[in-house]
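Chemist: Sequences and hints are given; from them, build the entire structure.
Each protein sequence line maps, in turn, to chains A and B.
Counted from 1, the first sequence has number 104 at position 104 by my numbering; the numbering is strictly sequential.
Counted from 1, the second sequence has number 20 at position 20 by my numbering; the numbering is strictly sequential.
In case anyone wonders, no lab produced these hints; they're calculated from the structure.
Ideal Cβ placement from N, Cα and C applies to all residues, glycine included.
Be aware that one or more of the hints could be misleading.
To be verified - Pairwise CB distance ranges (calculated):
#: 1; chain 1: A; residue 1: Ala51; chain 2: B; residue 2: Glu128; range: 47 to 53 angstroms
#: 2; chain 1: B; residue 1: Gly158; chain 2: A; residue 2: Thr207; range: 37 to 43 angstroms
#: 3; chain 1: B; residue 1: Gly21; chain 2: A; residue 2: Asp138; range: 46 to 52 angstroms
#: 4; chain 1: A; residue 1: Thr207; chain 2: B; residue 2: Gly79; range: 39 to 45 angstroms
#: 5; chain 1: A; residue 1: Ala135; chain 2: B; residue 2: Pro78; range: 52 to 58 angstroms
#: 6; chain 1: A; residue 1: Val53; chain 2: B; residue 2: Trp86; range: 46 to 52 angstroms
There are 2 protein chains.
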Amino acid sequence: MSVVRVHNFSISLDGFGTGEGQDAHAYFGHAGERLHEWMFATQGWQPGGSAGVDNAFMRQHDPGIGAEIMGAGKFGYPGWHEDPEWKGAWGPNPPFHTPVFVLTHHTRSPIEMEGGTTFHFIDASPAEAVEQAKAAADGRDVRLGGGPTVIRDFLAAGLVDHLHVVVVPILLGRGVRLWDSRLEGLEQGYHVEATSAPSGVTHLTFTRAHE
Amino acid sequence: MSVVRVHNFSISLDGFGTGEGQDAHAYFGHAGERLHEWMFATQGWQPGGSAGVDNAFMRQHDPGIGAEIMGAGKFGYPGWHEDPEWKGAWGPNPPFHTPVFVLTHHTRSPIEMEGGTTFHFIDASPAEAVEQAKAAADGRDVRLGGGPTVIRDFLAAGLVDHLHVVVVPILLGRGVRLWDSRLEGLEQGYHVEATSAPSGVTHLTFTRAHE
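Modeler: Below is the structure:
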């Protein structure tokens with residue numbers, strides 16, 4: 001069965017998935033790259049990187065995925081929709097290699113990139129987006145790519161089957177939080193595990209019984 | 001050197017140290033006892049309990065402590081100061097066995113209990129409270145007992161040397177948060193470790209270099 005999965009979504013100890021002050025030069029605002037240093041240090045990211053638990057989790061990002069859904073805030077800096085040439089921040093060959101559904105009120109024609117990635121721009125509810133992405137994934141799973149607002153909306157709508165959150169031991173103080181009051185009791189629908197890594201981060205997995 | 005320590009302070013994944021709706025019958029509001037089940041399951045709490053990492057952390061609560069500071073919200077239910085007979089929720093022999101400084105705007109005479117606990121009621125700043133508690137601790141350490149508002153105020157004032165937080169894998173959605181915006185960058189003054197336990201909780205320790 002095709003399921004919806006979140007991988008490698010990193011938050012601070014105080015729950016922020018991105019910092020304050022995002023712009024074209026600071027995708028994560030004042031957080032900079034601090035939420036993702038654990039990932040850059042893995043073998044899956046760069047030769048010679050670590051091959052332990054961080055790497056094992058990190059490498060689950062791609063296998064079995066047939067489509068991604070992402071928010072407008074992951075596709076580009078605030079205001080990208082006013083730039084008709086904007087094709088995302090990943091260069092000519094983005095690291096998705098599947099259809100990618102970008103949730104936006106500013107739809108445009110699909111953009112076919114090298115390597116199998118095609119960006120589709122849809123103005124849709126979470127449930128509609130999952131339906132479209134599953135159809136495109138052709139039996140494989142759908143990855144929900146973020147950011148924090150999108151993930152919490154899909155969690156609140158009961159649409160996430162597997163959630164992997166990485167808690168980084170920093171306090172950002174401000175930004176966009178992953179958790180909100182609609183998610184009270186979320187753990188009741190999942191099997192939850194916590195795994196701390198020597199790097200200092202803690203991997204949390206929420207897995208649905210039927211997955 | 002006498003230091004200020006926090007032990008076994010439990011929060012939800014979304015950062016709440018207590019739930020909403022606290023009263024005389026629900027000290028932690030809608031959280032109930034869910035933040036502390038990990039502790040009740042240890043050998044240090046009850047014979048036959050677990051003897052692993054949760055127990056090892058739990059047992060650090062008492063040794064070397066010469067005084068405790070607690071907030072009015074830990075000493076009693078909201079409104080306890082209107083009850084002249086209120087002596088805390090711990091019975092005639094409270095589990096402190098040292099002087100305890102209760103921070104309150106409603107001061108009263110000290111109450112001497114069995115077993116070495118004396119409650120002192122002081123209307124003082126965090127720094128003043130630490131000064132008084134250290135004097136009473138006679139060279140031993142001071143434990144900061146909570147609740148969340150008190151701990152974050154002392155953290156913001158730079159007065160905590162050792163912080164042990166236990167992250168419980170539940171989402172409370174509402175209540176009183178431990179972290180706030182004043183604590184941005186807190187990790188920079190500490191060595192931070194995360195240790196996940198088979199019970200599902202994750203122990204976080206913030207330790208100052210000079211400790």
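Chemist: Determine for every hint whether it applies to the structure shown.
Modeler: Tested hints:
1. A:Ala51 <-> B:Glu128: 47 to 53 angstroms: holds (52 angstroms)
2. B:Gly158 <-> A:Thr207: 37 to 43 angstroms: Taking Cβ atoms as reference, B:Gly158 and A:Thr207 lie about 40 angstroms apart, which means the hint holds.
3. B:Gly21 <-> A:Asp138: 46 to 52 angstroms: Holds, at about 48 angstroms.
4. A:Thr207 <-> B:Gly79: 39 to 45 angstroms: The hint (39 to 45 angstroms, Cβ to Cβ) holds, given that A:Thr207 and B:Gly79 are roughly 43 angstroms apart.
5. A:Ala135 <-> B:Pro78: 52 to 58 angstroms: holds (54 angstroms)
6. A:Val53 <-> B:Trp86: 46 to 52 angstroms: Given a distance of about 49 angstroms, which is inside 46 to 52 angstroms, the answer is holds.
No hint from the list above goes unmet by this structure.
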